[in-house]
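A.B. asks: Sequence:
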Amino acid sequence: MENLFTRSATRGDVLLRAGTAVFGAALLAVAVGTTVKSGQAAAQDDLDNRLHTVSSLTAAELGEYFDRARSIELLLADSATFRAFEPDGAPGSHHLTGAAEVPLVLDPAAKEAAEAMAYLEELYLDRISEACLIDANGHELARVVRGIVAPPEELSHEEASASFFAPTMQLPAGRVHQALPYVSPDTGLWVISNTTPMVGASGQPWGLVHFEVALESFRPQVTDAQHNISIVDVGTGRVVLDSSRPLDPTPAEDADFGRPISAQMRTLLAADTSPDPTTIDGQRRSFAPVPTTEDNANRWVVVVSAPAVGGSWWASMGPAPVAMALAAVALLVFAALNLRASHRRLRAASLTDELTGLPNRRLLTDRLDRALAFGTRKGLTSAVLLIDLDRFKEVNDTLGHDYGDDLLRSVAARLTAAFRTSDTVARLGGDEFAVLLPEVADQPAAIEQAERCLALLREPFVVQGFNLGVDASIGVALCPHHGCAADEVMRAADVAMYEAKADRRGVLVYERSLDGHSPSRLALLGELRQALQDDQLVLYYQPKVDVTLGRVTGAEALVRWQHPERGLVPPGDFIPVAEGSGLILPLTMYTLEAAVAQAKAWLDAGQAIQVAVNLSPRCLVEPTIPDQVRQLLHRHGLPARLLRLELTESTVMADPERALGALMELRNLGVAISIDDFGTGYSSMSYLKRLPVDELKIDRSFVMDMLAEGHDAVLVRSSIDLGHNLGLAVVAEGVEDEETLTALRALGCDVVQGYHLARPMPASAFTDWVVSRVPIAVAGSVTVEGAPPAR
6 MENLFTRSAT
16 RGDVLLRAGT
26 AVFGAALLAV
36 AVGTTVKSGQ
46 AAAQDDLDNR
56 LHTVSSLTAA
66 ELGEYFDRAR
76 SIELLLADSA
86 TFRAFEPDGA
96 PGSHHLTGAA
106 EVPLVLDPAA
116 KEAAEAMAYL
126 EELYLDRISE
136 ACLIDANGHE
146 LARVVRGIVA
156 PPEELSHEEA
166 SASFFAPTMQ
176 LPAGRVHQAL
186 PYVSPDTGLW
196 VISNTTPMVG
206 ASGQPWGLVH
216 FEVALESFRP
226 QVTDAQHNIS
236 IVDVGTGRVV
246 LDSSRPLDPT
256 PAEDADFGRP
266 ISAQMRTLLA
276 ADTSPDPTTI
286 DGQRRSFAPV
296 PTTEDNANRW
306 VVVVSAPAVG
316 GSWWASMGPA
326 PVAMALAAVA
336 LLVFAALNLR
346 ASHRRLRAAS
356 LTDELTGLPN
366 RRLLTDRLDR
376 ALAFGTRKGL
386 TSAVLLIDLD
396 RFKEVNDTLG
406 HDYGDDLLRS
416 VAARLTAAFR
426 TSDTVARLGG
436 DEFAVLLPEV
446 ADQPAAIEQA
456 ERCLALLREP
466 FVVQGFNLGV
476 DASIGVALCP
486 HHGCAADEVM
496 RAADVAMYEA
506 KADRRGVLVY
516 ERSLDGHSPS
526 RLALLGELRQ
536 ALQDDQLVLY
546 YQPKVDVTLG
556 RVTGAEALVR
566 WQHPERGLVP
576 PGDFIPVAEG
586 SGLILPLTMY
596 TLEAAVAQAK
606 AWLDAGQAIQ
616 VAVNLSPRCL
626 VEPTIPDQVR
636 QLLHRHGLPA
646 RLLRLELTES
656 TVMADPERAL
666 GALMELRNLG
676 VAISIDDFGT
686 GYSSMSYLKR
696 LPVDELKIDR
706 SFVMDMLAEG
716 HDAVLVRSSI
726 DLGHNLGLAV
736 VAEGVEDEET
746 LTALRALGCD
756 VVQGYHLARP
766 MPASAFTDWV
776 VSRVPIAVAG
786 SVTVEGAPPA
796 R
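Number 608 in this note's numbering belongs to position 603 of the sequence shown; there are no gaps in the numbering.
Quick caveat, the hints were computed from the structure, so don't treat them as lab data.
Quick caveat, the model's predicted, so the values are computed rather than measured.
Mixed in with the good hints, there may be bad ones.
Stated by the list, open to error - Below 20 Å or equal to it, Euclidean Cα-Cα: the simulated EDC-like pairs (lysine to aspartate or glutamate) are:
#1 Lys506 x Glu654
#2 Lys383 x Asp395
#3 Lys116 x Glu570
#4 Lys506 x Glu570
#5 Lys116 x Glu91
#6 Lys383 x Asp428
#7 Lys506 x Asp682
#8 Lys694 x Glu741
Just need the whole structure built from these sequences, with the hints factored in.
C.D. replies: This is the structure in structure tokens:
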């Protein structure tokens with residue numbers, strides 16, 4: 006009986022172990038199967054995300070081009086240069102002179118229009134290949150092809166038959182027709198075109214502005230060798246561009262464009278231009294429609310493809326040890342339990358700023374899109390406040406980044422507490438914040454909120470035992486007043502913020518006049534470029550005089566524009582335009598060339614007069630500037646000590662390390678260097694004492710009011726003491742009366758400059774002034790270099 010029970014127990018134990026083994030094996034099989042399936046799903050999700058990112062970014066870039074192209078067309082159509090062609094009532098009247106059928110020359114208005122279109126091609130190099138102005142009869146009034154102005158005999162009179170002509174002439178003012186691809190008869194390339202009607206006072210179109218863009222310029226660039234990017238036109242069912250297939254470089258004018266897409270893809274896109282990622286012919290494909298308008302004949306969809314995730318990658322997996330299998334099962338269970346929480350944490354991290362916990366730019370943009378859409382439907386006004394902290398870099402440089410980070414957290418907390426829970430306070434990066442007010446009563450209400458915000462930020466922050474004071478510049482933009490899309494409103498707020506920062510105005514609402522991208526600015530930029538070529542710029546010189554000895558120590562060279570129609574244009578009208586474009590470097594080199602040549606002429610005449618020229622921030626970080634200055638001095642044979650370069654605090658502090666390197670090279674040449682407009686920036690003392698400068702110029706705004714404003718007098722005295730303690734000569738600008746001159750002499754100022762002594766004058770007048778002037782009154786009898794003794 007015992008043996009029977011023993012055998013039964015043993016049999017039961019065996020069965021239990023066998024059952025456990027079977028259960029374990031089944032569990033392992035499930036775990037391995039689940040792991041394989043999850044791995045394939047994860048790989049496909051990762052591939053889909055990467056393809057979606059590429060397709061979305063490419064579509065957004067193309068959409069931005071269409072928007073920019075429409076904006077450029079409308080700016081051109083609204084400019085006075087093109088409106089000068091509006092007929093005066095006589096049939097067929099236009100601005101061509103010569104024979105009726107074959108005009109001989111373009112008149113000035115047509116030439117000006119052609120040059121404007123040529124400059125447009127220069128702005129968008131390798132994009133715009135042809136631009137023209139056409140009247141209502143299909144006659145070209147002006148045309149530019151690849152930057153070359155077409156002569157009158159080559160202008161076409163048959164443009165009315167072009168595919169873009171009739172649709173454009175049926176549009177009202179303010180609309181732009183964007184045509185399907187065709188072979189340009191002028192360039193022989195596949196192009197798309199942008200055309201807008203020129204509508205006269207009668208409300209009827211009298212012509213159109215048209216430019217062509219080479220289709221090849223839209224070719225998408227791939228960064229992953231396995232990716233292929235193509236642009237498909239849904240309307241025609243053809244491939245517009247393919248990253249792996251170049252266009253025919255010499256197509257026939259009647260050639261069929263592009264190859265047809267597959268029937269499966271055509272059916273898919275016919276139902277939805279933005280379908281979910283799908284696998285077609287072994288390729289995983291992601292789709293993103295390009296934003297467009299009703300006047301755009303192109304209905305493009307970006308298709309990004311890559312080899313689909315295969316099923317054979319796991320076939321070579323061998324049997325794993327039981328311990329590894331159990332560990333895999335345990336990890337799988339742990340991952341399943343934590344997957345949802347991890348997903349939430351990752352999503353939150355992608356939408357928030359790591360330092361402050363505030364929404365980041367991505368989340369702000371999403372909420373702004375939603376607020377604008379809701380406001381448009383309900384007729385509400387929304388506002389964005391773009392906030393940039395002033396003097397924040399000084400905190401980092403002086404106290405360290407730990408203090409700077411704590412200050413940013415404190416700013417975030419104060420802003421969050423100041424606004425409603427329905428508002429969004431976000432950090433965009435660095436020392437830049439933004440506040441979205443999804444509903445405000447009107448513009449004064451938005452300004453009131455911005456001014457309240459500014460007042461809160463100006464209250465001291467206690468950071469690690471220090472009382473830190475900061476200021477801010479706030480740009481305000483409203484929807485629908487300044488735009489109805491998120492990027493338009495953000496850009497408008499950004500323009501207003503930078504203008505507020507430049508003028509130290511605290512709070513500023515966006516105005517169109519603040520925006521540099523206007524027809525008048527484009528026109529002025531083109532005229533300035535021509536002025537540099539035609540030597541329309543002249544230099545005026547303002548003397549710098551030693552306060553103690555009364556002698557001339559040098560002259561500051563100030564550029565003026567002798568415009569053939571406007572007369573003498575002051576620098577305040579064109580220097581900002583040059584600063585905002587690539588013309589500032591050519592303008593600076595033009596000024597340096599003329600100033601050095603004049604200094605050499607004075608030296609040859611027996612007058613050793615040092616000339617000073619201002620350097621902009623862009624010029625200072627240009628790597629070739631030191632070498633260009635060296636060659637310039639050598640070419641004219643001028644001693645380097647007779648050239649002085651002046652730069653502002655903000656110029657130096659924009660990139661201190663690069664500025665220091667460039668200034669050291671210039672100083673090693675023997676060139677003298679000054680800090681200009683001292684007191685208006687936020688230069689770090691640690692950088693100031695490292696700079697190879699020998700002169701400090703106090704800004705005129707402090708000098709002019711030093712007798713009336715006690716604070717300005719203190720600033721002037723402190724600046725003079727600081728300059729002398731650093732071993733620098735001190736120059737006071739803006740000396741406009743004898744009382745100010747006397748006060749500066751008493752404070753120990755070294756050199757003065759201003760209208761009380763002399764206004765800026767041409768070189769010949771400056772020479773006469775130096776020779777004939779009576780020195781400023783000082784103790785004893787003194788003489789000026791090159792001048793007779795004082796009497």
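A.B. asks: Against the structure, test the hints numbered earlier, and report the numbers of the ones violated in rising order.
C.D. replies: 2, 4, 8
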